[in-house]
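Could you build all of it, start to finish, from the sequences and the hints given here?
Protein chains: 2
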Amino acid sequence: MAGIVVSALVLYWPYLVILALTFELLRPHFQKKKTRAFPDLKAKKVTDVYEKRKEAADDSDNEGDDGDDDEYKPPIAPDVPFVPYTAPRYSEKEMLERSQAFFEEMNQRRTIRFYSDRPVPMEVMESIIRTAGTSPSGAHTEPWTYVVVSDAKLKEDIRAIVEAEEEINYTKRMAGQWTADLKFVRTEWTKPYLTEAPYIVLLFKQVYGLMPRGRKKNHYYNEISCSISCGLFLAAVHHAGLATLTSTPMNCGPALRQLLNRPENEKLLLLLPVGYPSDDAMVPGIGRKPLDEIMVSY
Amino acid sequence: MAGIVVSALVLYWPYLVILALTFELLRPHFQKKKTRAFPDLKAKKVTDVYEKRKEAADDSDNEGDDGDDDEYKPPIAPDVPFVPYTAPRYSEKEMLERSQAFFEEMNQRRTIRFYSDRPVPMEVMESIIRTAGTSPSGAHTEPWTYVVVSDAKLKEDIRAIVEAEEEINYTKRMAGQWTADLKFVRTEWTKPYLTEAPYIVLLFKQVYGLMPRGRKKNHYYNEISCSISCGLFLAAVHHAGLATLTSTPMNCGPALRQLLNRPENEKLLLLLPVGYPSDDAMVPGIGRKPLDEIMVSY
Numbered sequence: 001m002a003g004i005v006v007s008a009l010v011l012y013w014p015y016l017v018i019l020a021l022t023f024e025l026l027r028p029h030f031q032k033k034k035t036r037a038f039p040d041l042k043a044k045k046v047t048d049v050y051e052k053r054k055e056a057a058d059d060s061d062n063e064g065d066d067g068d069d070d071e072y073k074p075p076i077a078p079d080v081p082f083v084p085y086t087a088p089r090y091s092e093k094e095m096l097e098r099s100q101a102f103f104e105e106m107n108q109r110r111t112i113r114f115y116s117d118r119p120v121p122m123e124v125m126e127s128i129i130r131t132a133g134t135s136p137s138g139a140h141t142e143p144w145t146y147v148v149v150s151d152a153k154l155k156e157d158i159r160a161i162v163e164a165e166e167e168i169n170y171t172k173r174m175a176g177q178w179t180a181d182l183k184f185v186r187t188e189w190t191k192p193y194l195t196e197a198p199y200i201v202l203l204f205k206q207v208y209g210l211m212p213r214g215r216k217k218n219h220y221y222n223e224i225s226c227s228i229s230c231g232l233f234l235a236a237v238h239h240a241g242l243a244t245l246t247s248t249p250m251n252c253g254p255a256l257r258q259l260l261n262r263p264e265n266e267k268l269l270l271l272l273p274v275g276y277p278s279d280d281a282m283v284p285g286i287g288r289k290p291l292d293e294i295m296v297s298y
Numbered sequence: 001m002a003g004i005v006v007s008a009l010v011l012y013w014p015y016l017v018i019l020a021l022t023f024e025l026l027r028p029h030f031q032k033k034k035t036r037a038f039p040d041l042k043a044k045k046v047t048d049v050y051e052k053r054k055e056a057a058d059d060s061d062n063e064g065d066d067g068d069d070d071e072y073k074p075p076i077a078p079d080v081p082f083v084p085y086t087a088p089r090y091s092e093k094e095m096l097e098r099s100q101a102f103f104e105e106m107n108q109r110r111t112i113r114f115y116s117d118r119p120v121p122m123e124v125m126e127s128i129i130r131t132a133g134t135s136p137s138g139a140h141t142e143p144w145t146y147v148v149v150s151d152a153k154l155k156e157d158i159r160a161i162v163e164a165e166e167e168i169n170y171t172k173r174m175a176g177q178w179t180a181d182l183k184f185v186r187t188e189w190t191k192p193y194l195t196e197a198p199y200i201v202l203l204f205k206q207v208y209g210l211m212p213r214g215r216k217k218n219h220y221y222n223e224i225s226c227s228i229s230c231g232l233f234l235a236a237v238h239h240a241g242l243a244t245l246t247s248t249p250m251n252c253g254p255a256l257r258q259l260l261n262r263p264e265n266e267k268l269l270l271l272l273p274v275g276y277p278s279d280d281a282m283v284p285g286i287g288r289k290p291l292d293e294i295m296v297s298y
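Residue numbers (the numbering used here), protein chains in the order written: chain A, 1 to 298; chain B, 1 to 298.
Quick caveat, the hints were computed from the structure, so don't treat them as lab data.
Copies of the same chain are indistinguishable here, so a pair counts whether it falls within one copy or spans any two.
Derived lysine-lysine pairs resembling DSSO-like cross-links, with alpha carbons at most 30 Å apart:
1) 216 <-> 172
2) 267 <-> 153
3) 216 <-> 183
4) 267 <-> 183
5) 153 <-> 172
6) 183 <-> 73
7) 289 <-> 155
8) 153 <-> 93
9) 267 <-> 73
10) 93 <-> 155
11) 93 <-> 289
12) 183 <-> 289
13) 155 <-> 267
14) 289 <-> 73
Structure representation (structure tokens):
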């Protein structure tokens with residue numbers, strides 16, 4: 001019996017090998033078929049958005065939970081009382097004037113790369129950041145940390161980190177089109193304004209928050225929320241008569257986070273020098289899109 | 001000669017099949033080895049960010065190029081002349097007062113879910129959107145489209161789309177923690193304000209732009225730029241004495257884009273009803289984080 005099996009193997013082993021290889025080769029196709037058996041394009045699209053939230057929610061359930069309060073307690077009590085909303089109301093004429101005047105004021109804002117080293121009172125910076133803090137945010141998580149640096153040595157360290165990365169960005173990493181698109185600002189990898197301006201403001205987005213008992217609290221839409229807050233920051237800086245530059249220093253995030261002792265849940269979103277524009281500050285003579293290119297009405 | 005080949009094939013075809021199958025089976029491994037031959041962790045981390053840009057740049061090189069101008073022409077000429085920056089400069093005392101007053105004004109802003117149907121002049125909306133259009137943006141791409149809807153039928157259609165998705169969001173998709181986090185606003189999947197408010201503003205981010213000759217122009221940081229622009233929009237709405245609600249309607253993007261005839265390169269980022277708050281408008285009695293929780297200074 002064993003003899004028959006052996007001689008069969010000697011004779012037919014190539015067929016067995018073919019069988020095994022064919023099976024191995026076709027396996028991925030079978031697996032693909034399996035996941036394709038429930039085609040649900042919509043559900044698939046949804047997954048991306050919700051899985052992350054679910055994961056974060058699951059994470060927080062798993063951590064710091066010692067079992068005596070299994071029920072999730074949201075940071076804002078569901079029965080927080082409602083209060084009347086009282087805000088100034090203007091006549092139609094006032095409203096027209098105010099909206100027009102605010103546009104004209106904001107329209108004078110420009111991104112500035114030349115700063116005076118004239119000091120700016122910290123109280124002004126505080127009001128500006130308080131204003132940024134009035135921004136709405138996903139589930140009122142307020143996921144922003146504004147780090148305000150005026151220390152000369154620290155500003156030099158920040159500049160060194162940014163310039164080292166920017167030199168690589170400009171010479172190696174940035175695609176040809178991008179450097180071409182940015183040529184009009186005539187900026188290079190050197191950033192003298194980072195030590196000239198009296199303040200560097202670093203906006204960190206809190207990807208998650210930490211709740212009592214070490215639970216992680218997911219910060220929904222943290223990047224959008226922080227960017228909206230930055231819009232209010234820009235309005236406040238300009239309204240005070242100061243200038244800034246909205247920059248996204250690439251690849252500097254981890255180094256700057258470490259330098260500034262920010263916790264792991266914070267990621268650098270924007271870096272903004274703040275100060276008086278220098279008396280000889282220049283800007284590229286470019287305009288903005290006209291209204292009919294940015295607004296459509298129905 | 002032909003006879004020898006045929007009989008060799010008849011005898012040895014299993015070996016040939018094994019050879020072919022083995023080659024097919026090992027091909028992916030050879031390919032993997034090829035890309036792994038240059039391990040560069042840093043470059044890998046960078047890749048995520050830059051590959052997208054490179055792809056976009058490559059795309060535009062491949063499309064609409066009929067060969068007679070191979071050199072890439074940036075949308076803003078690299079030699080655009082510089083002009084002096086002239087903006088109001090205030091004394092330190094004025095600056096302190098202005099920054100404090102602006103904070104107090106913005107601090108009165110709240111997210112509103114109850115609107116009056118009292119009409120708002122379109123001119124006011126235009127000034128507000130012009131203000132939003134003063135936002136800085138990556139490489140001055142200005143990647144935003146504000147769609148302003150006042151048509152009653154269209155507002156109903158938008159509400160129907162949003163409510164249909166929101167019902168699923170609330171009952172099925174949203175993680176338990178998220179619904180719990182949002183309970184304090186006592187919102188449900190119904191959105192009456194979408195038909196009550198005189199306007200619905202839909203902010204679309206332009207993921208890429210189209211240049212003359214059909215080239216695609218990558219819009220760097222388009223989501224951050226549009227969100228910053230939204231911050232200026234919120235300031236302008238509030239400054240005019242109007243109210244809004246910053247919402248990110250999940251999964252409604254494609255349907256709303258189609259309803260509003262927006263092109264493929266635009267994706268819905270935010271949906272904001274705008275109008276007078278109703279006389280009985282209420283808001284949850286919650287505060288904002290104190291300064292020392294959102295600001296760190298060095």
